[in-house]
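Sequences and hints are given; from them, build the entire structure.
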Amino acid sequence: MLSVSDNHHHHHQHLRRPEPEPSQDEPTPPRVLTILSHHLEKLVARNDRLVLGNRQSQQKSLKGFDGVRAPSISIPKYLERIYKYTNCSPSCFVVGYVYIDRLVHKYPDSLLVSLNVHRLLVTCVMVASKMLDDVHYNNAFFARVGGVTNAELNRLELELLFLLDFGVTVSSQVFETYCQHLEKEMLRNGTALDHMVRPAITNSSSTADATEISVEDHTQSSSSHE
Amino acid sequence: MALAAPNQLNISDPPTWGSRTVDCFEKLEQIGEGTYGQVYMAREIRTGEIVALKKIRMDNEREGFPITAIREIKILKKLHHDNVIKLKEIVTSPGPEKDEQGRPDGNKYKGGIYMVFEYMDHDLTGLADRPGMRFSVAQIKCYMRQLLTGLHYCHVNQVLHRDIKGSNLLIDNNGNLKLADFGLARSFSNDHNANLTNRVITLWYRPPELLLGATKYGPAVDMWSVGCIFAELLHGKPIFPGKDEPEQLNKIFELCGSPDEKNWPEVTKIPWYNNFKPSRPLKRRLKEVFRQFDRHALELLDKMLTLDPMQRISAKDALDAEYFWTDPLPCDPKSLPKYESSHEFQTKKKRQQQRQHEETAKRQKLQHQQQHTRLPPHQQSGQGHPQMRPGPNPQMHGSQNQVVAGPSHHYNKPRGPSGGPGRYPQGGNPSGGYNHQNRGQGGGSYGSGQYPPQGRGAPYGSSGIPGAGPRGGGGSGYGAGGPNFPHGGQYGPSGAGRGSNMVSGNRNQQYNWQQ
Numbered sequence: 001m002l003s004v005s006d007n008h009h010h011h012h013q014h015l016r017r018p019e020p021e022p023s024q025d026e027p028t029p030p031r032v033l034t035i036l037s038h039h040l041e042k043l044v045a046r047n048d049r050l051v052l053g054n055r056q057s058q059q060k061s062l063k064g065f066d067g068v069r070a071p072s073i074s075i076p077k078y079l080e081r082i083y084k085y086t087n088c089s090p091s092c093f094v095v096g097y098v099y100i101d102r103l104v105h106k107y108p109d110s111l112l113v114s115l116n117v118h119r120l121l122v123t124c125v126m127v128a129s130k131m132l133d134d135v136h137y138n139n140a141f142f143a144r145v146g147g148v149t150n151a152e153l154n155r156l157e158l159e160l161l162f163l164l165d166f167g168v169t170v171s172s173q174v175f176e177t178y179c180q181h182l183e184k185e186m187l188r189n190g191t192a193l194d195h196m197v198r199p200a201i202t203n204s205s206s207t208a209d210a211t212e213i214s215v216e217d218h219t220q221s222s223s224s225h226e
Numbered sequence: 001m002a003l004a005a006p007n008q009l010n011i012s013d014p015p016t017w018g019s020r021t022v023d024c025f026e027k028l029e030q031i032g033e034g035t036y037g038q039v040y041m042a043r044e045i046r047t048g049e050i051v052a053l054k055k056i057r058m059d060n061e062r063e064g065f066p067i068t069a070i071r072e073i074k075i076l077k078k079l080h081h082d083n084v085i086k087l088k089e090i091v092t093s094p095g096p097e098k099d100e101q102g103r104p105d106g107n108k109y110k111g112g113i114y115m116v117f118e119y120m121d122h123d124l125t126g127l128a129d130r131p132g133m134r135f136s137v138a139q140i141k142c143y144m145r146q147l148l149t150g151l152h153y154c155h156v157n158q159v160l161h162r163d164i165k166g167s168n169l170l171i172d173n174n175g176n177l178k179l180a181d182f183g184l185a186r187s188f189s190n191d192h193n194a195n196l197t198n199r200v201i202t203l204w205y206r207p208p209e210l211l212l213g214a215t216k217y218g219p220a221v222d223m224w225s226v227g228c229i230f231a232e233l234l235h236g237k238p239i240f241p242g243k244d245e246p247e248q249l250n251k252i253f254e255l256c257g258s259p260d261e262k263n264w265p266e267v268t269k270i271p272w273y274n275n276f277k278p279s280r281p282l283k284r285r286l287k288e289v290f291r292q293f294d295r296h297a298l299e300l301l302d303k304m305l306t307l308d309p310m311q312r313i314s315a316k317d318a319l320d321a322e323y324f325w326t327d328p329l330p331c332d333p334k335s336l337p338k339y340e341s342s343h344e345f346q347t348k349k350k351r352q353q354q355r356q357h358e359e360t361a362k363r364q365k366l367q368h369q370q371q372h373t374r375l376p377p378h379q380q381s382g383q384g385h386p387q388m389r390p391g392p393n394p395q396m397h398g399s400q401n402q403v404v405a406g407p408s409h410h411y412n413k414p415r416g417p418s419g420g421p422g423r424y425p426q427g428g429n430p431s432g433g434y435n436h437q438n439r440g441q442g443g444g445s446y447g448s449g450q451y452p453p454q455g456r457g458a459p460y461g462s463s464g465i466p467g468a469g470p471r472g473g474g475g476s477g478y479g480a481g482g483p484n485f486p487h488g489g490q491y492g493p494s495g496a497g498r499g500s501n502m503v504s505g506n507r508n509q510q511y512n513w514q515q
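If you read the protein sequences in the order shown, they are chains A and B.
The first sequence: position 204 = 204 (the UniProt record's numbering), numbered continuously.
The second sequence: position 424 = 424 (the UniProt record's numbering), numbered continuously.
I should point out that these hints are in silico values taken from the structure, not numbers from a laboratory.
Ideal placement from N, C-alpha and C gives every residue a C-beta, glycine not left out.
A hint or two may mislead.
As the list claims (entries may be wrong) - Taking CB as the label site, the calculated pair distances span: (1) B:ILE50 to A:GLN173: 45 to 51 Å; (2) A:THR177 to B:ASP327: 49 to 55 Å; (3) A:THR177 to B:ASP308: 48 to 54 Å; (4) A:LYS63 to B:PRO246: 51 to 57 Å; (5) A:TYR107 to B:ASP260: 55 to 61 Å; (6) B:ILE50 to A:THR28: 57 to 63 Å; (7) B:ARG43 to A:ALA45: 50 to 56 Å; (8) A:GLU183 to B:LYS338: 57 to 63 Å; (9) B:LYS27 to A:THR28: 52 to 58 Å.
Pasting the structure below:
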């Protein structure tokens, strides 16, 4: 089982940390992040190919989350970043993933692709943390971490809530099911995962493309809170 | 749970939330205002149905969509019961709206979001506070049974309300009572050993376990609040009007006795037990103080106001109590008197003027307010208990179906952020009814500030501003002679927090003054 159930104890530690300051030695992100990143990357790669092959453009349901082009930061790096700076509990990532899954099932015309995955992630994880964590950072902070403007994140939040019809409850059974699903996913890709643990170097070292999601240098953004 | 009759199956899907705009409604009048925004009584144009529109204010850009609103919406979405307020729909406002303060529109995406509720005429506190109001025993049983039925439904659906109080119990003119304001509510599961915040529930209705700092708790917290309301209905005024946490606990211990390992196993392990334990052991005096209550009522109250949450009666068991099954039986809600409500549209300017009037009126009215302490319930003839209360209006019969005129309607309470008679000196949630916005926000967490605002908000009413100083009644405990409803003097001239210290005063007073 993924070790995400201790989130509540986590919060209370977070209480005493008014400002997220990444420690010198980078803590290893929780396993759930790695598994989730891997799963999402696979999904996005497949869907990107699909969209490209079929010349099928994204339908309108998730259009609000589309960027002009894909951000250069990889999914694992992006999730790690959110985790590191917002200190939200690992459960938030699972619940955020549940929201994404609900969306793509509710709107089969819409696919999770590299154009929308980042915005969907930051919005879903933020809403999840609002739901789960008694103490959480505000939208303004999530926006800085996620590399979008406050206004845009607010817009995306509303968009998400209405797309989900405010169905943001995740029962513990559903939560467990998704954890098991991710766990299985990881076992199936056991070998690939080893390779995925530090996958971001290749991605982010590619020629910097000007993207809209422009996450700042870590140290800068950590001091930007409040 | 109400079941739809076979021929009434809801086959036409309700509109998807957010798919309609507020233009589908005709705003009739503003019926409430607080720091969160406005509440309107409105008519749905297509059907003519009267609803309450609560605007969710979105102007705090940094916070985004208010978390209390998300929580309330997601919880109300899954609760469908006759005794739980119905959230009918969410509608959007088509474009950026003119901000009253004239500040630039911070939300370009949507002009605003409105929650559409079924319309309710009163709230329990507002009703009880009407001058001359006197509930019959059957009426109290009727309200209590509905309250417990609704709460039982919430609890079996694993929802803790966490802010049960009179102003959150809405009553319509058919006598139906509904739980409202789920902005502090949350889901719980029995297996989940979660740590929950103990800064919930308005102080006067907050159970001892929360006051002692417990972070693992369950439905019993709501049952304590129900006990407080029950006692208040019988007693004629709030029974634990503490002005801060220590005083609150003292008031509880004075009536319910001090907790120890015998009457409350494990109590000494609760975080703040050692800080708050009484210096000397206190005897439980509940049955003595309230000895004039009906025997079955007292028996039930005793089980609700049990210190140990594990031994406190559940909503389900309370519904099975003798009290509800002995004469006089709870009456049919429809048979309850209809109380007149009145709305008058007030422009902002008019409200400001009124506020100034209230300021002066408040001072003038200070000395009179004690007369408006609630009256005790009617004792039905045939009750074995003599009427001990020399009320100023000692009619014994005949209030059933009487229409009490006079606009003491809760919607018409004074506007302003802390409108209300100061019944709730502090607590996680100063507001009431449909209104919950802004509470617990901005301060970082619930109950930010040791002394959140006081003042009861009416159902559509105001929301307080966190950080108000402690004020309110300096109640001195129970008079040995039992209740003294009509006089209320035991709490002294500034006692019981009935509006003496409020910015905007008591709405009843307001209207008395106007009359």
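Results of checking the hints against the structure:
1. B:ILE50 to A:GLN173: 45 to 51 Å: violated, 39 Å
2. A:THR177 to B:ASP327: 49 to 55 Å: holds, 52 Å
3. A:THR177 to B:ASP308: 48 to 54 Å: violated, 36 Å
4. A:LYS63 to B:PRO246: 51 to 57 Å: holds, 56 Å
5. A:TYR107 to B:ASP260: 55 to 61 Å: holds, 59 Å
6. B:ILE50 to A:THR28: 57 to 63 Å: With Cβ atoms ~58 Å apart, the hint holds.
7. B:ARG43 to A:ALA45: 50 to 56 Å: Between B:ARG43 and A:ALA45, where Cβ atoms are some 53 Å apart, the hint holds.
8. A:GLU183 to B:LYS338: 57 to 63 Å: holds, 59 Å
9. B:LYS27 to A:THR28: 52 to 58 Å: holds, 55 Å
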